[in-house]
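Visitor: Line by line, the protein sequences give chains A and B. With our numbering, letter number 76 in the first sequence gets 73, and the count goes up by one each step, no holes. With our numbering, letter number 179 in the second sequence gets 176, and the count goes up by one each step, no holes.
It is possible that some hints are incorrect.
Where chains are identical, the list cannot tell them apart; a pair therefore holds if satisfied intra-copy or between any two copies.
Claimed, not checked - Below, in silico cross-link-like pairs of lysine-lysine (PhoX-like), each with a Cα-Cα straight-line distance of 25 Å or less: (1) K61 x K50; (2) K197 x K213; (3) K241 x K119; (4) K61 x K213; (5) K246 x K201; (6) K61 x K241; (7) K246 x K102; (8) K233 x K50; (9) K154 x K250; (10) K201 x K154; (11) K233 x K246; (12) K100 x K248; (13) K213 x K175.
To be clear, the hints were calculated from the coordinates, so they are not data collected in a lab.
Number of protein chains: 2
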Amino acid sequence: MSDQVWVFTLGNEVVEGRVVNTNAAFLGRRLSLLGFNVVANVSLRDDVDLISKLLRYALLINPKIIVTTGGLGPTYDDRTLEAVALATGRSLILNNEALRMIKEKYSRAGLPITEDRIKMAKLPSGALPIPNPVGTAPGVWLEHGETIIISLPGVPKELEAMWESWVEPRLRTIAPNKFVVEYSFRVAGVPESSAAPVLKDIMKNYSGIYVKTHPKGHEVRGPLLEVYVMAFGETKDVVGGVLKEVVSKLKMKFEELGGEIID
Amino acid sequence: MSDQVWVFTLGNEVVEGRVVNTNAAFLGRRLSLLGFNVVANVSLRDDVDLISKLLRYALLINPKIIVTTGGLGPTYDDRTLEAVALATGRSLILNNEALRMIKEKYSRAGLPITEDRIKMAKLPSGALPIPNPVGTAPGVWLEHGETIIISLPGVPKELEAMWESWVEPRLRTIAPNKFVVEYSFRVAGVPESSAAPVLKDIMKNYSGIYVKTHPKGHEVRGPLLEVYVMAFGETKDVVGGVLKEVVSKLKMKFEELGGEIID
């Protein structure tokens, strides 16, 4: 299970649909392109008990990485690190480096250090703070058993800045030695249920390949499929070759079924 | 736990971030406005074993409703109903009503019934098919113990049409007797860490209320908070009164902290 990733996007506003979960898409995309196998994205209410239970469930599977977003701020409902501590059997302790980062930001604006500001510097024991170049709450990097737990803020511009500047460069050094290439095209005139046996056949005869059809039209009245093909493997040349072969085979089969390829 | 809902949005394209999960937002919003307590949205790869395990985990909590999206179509990776059957200890059996719905659509277009089309009519035993006015795969309504499991397609326009025409009218009859009202405003000039004690105080002194701040500016250089207030309870008048009182108290406190209210 060494390249498995579980993502947790936390917050009532996410599960209640008051925001669209763009963080899940950002992280899923970035982690997949690094070659990791993102198996789950779990959004949960700001409930320490619930979050820690699901984190513990994920930890049992020994994923390589768990990323959490949200719940690092100063308010009463920002309790993600409490849940991480609970799930990993650690305590929350004042981290001096995190406190220094926070103090620096507030003192520059002439603001004192209050209890609610100190809260953001209480990290699970053994954790490293991740600098936040945009906001104030530091992120957290915690190596626990075989899993790295990375906690980032929920504000997209903070999350993305920390990902780019700090997290992704470190993950590159431990990412699976895997090349991923992808290609999409459209086919008009072939119902998804007619494409199904073609896909099944490809998946049976190739390894390191993934094909999916996304219906964009109407199955019988005006079928239009978006066909997504992904190839992955250890060398760029092999992966590229397999992709090319599969794509041309798919296009040929769809044309035989009366489809029109739209590139 | 009688008003708990778990949502499962299934598909590799979701966890890998190739699409933004608008279905999660649609369902979270609709279910919350009906008065249900959406506690989790779980996105998973198209992996029967993984999906059935997490469904079983959710079922242990006895939620009122589980909604799944995705994986009902004719292709090899559409295996949600297999996972539902596995998680509930049922078998997949050919449902005559579902088969009739599917046959009708294809025969109208002069298309025969193939194995991949029949697949969409194999439902967990005891399930009712939900008509799909837009696409072809029927949805599923399955009452299992104290939980209703509702499986819908992943294509947003199909999901939304089935929700509007069939699912929501039925859920209204079992929705909690709860009124929900909400209000949002913005405050400039108050860092979130200064707002934190105000929120804590409100949450301690009111029940049936939920307050959250979303930072939209910079914590120290130019703080801008979006303040979301939700009130819920059994009668419209009480709920409206509490909301009004809390909102005016919050605005007053934020002004005392030097904030400027932007309605």
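Visitor: Compare the structure with each hint and give your call.
Guide: Evaluated hints:
1. K61 x K50: Answer is both; intra-copy 18 Å and inter-copy 20 Å each pass.
2. K197 x K213: So K197 and K213 pass the 25 Å test inside one copy only (20 Å; across, 47 Å).
3. K241 x K119: neither (51 Å within a copy, 35 Å between copies)
4. K61 x K213: Neither. Shortest intra-copy (35 Å) and inter-copy (33 Å) distances fail the 25 Å Cα cut-off.
5. K246 x K201: within (14 Å within a copy, 64 Å between copies)
6. K61 x K241: Intra 31 Å, inter 48 Å, cutoff 25 Å: neither.
7. K246 x K102: neither (58 Å within a copy, 29 Å between copies)
8. K233 x K50: Result: close neither inside a copy nor across copies, 40 Å intra and 35 Å inter.
9. K154 x K250: neither (44 Å within a copy, 28 Å between copies)
10. K201 x K154: Cα proximity of K201 and K154: none, with 42 Å in one copy and 31 Å across.
11. K233 x K246: within (20 Å within a copy, 61 Å between copies)
12. K100 x K248: Answer is neither; intra-copy 60 Å and inter-copy 28 Å both fail.
13. K213 x K175: neither (31 Å within a copy, 38 Å between copies)
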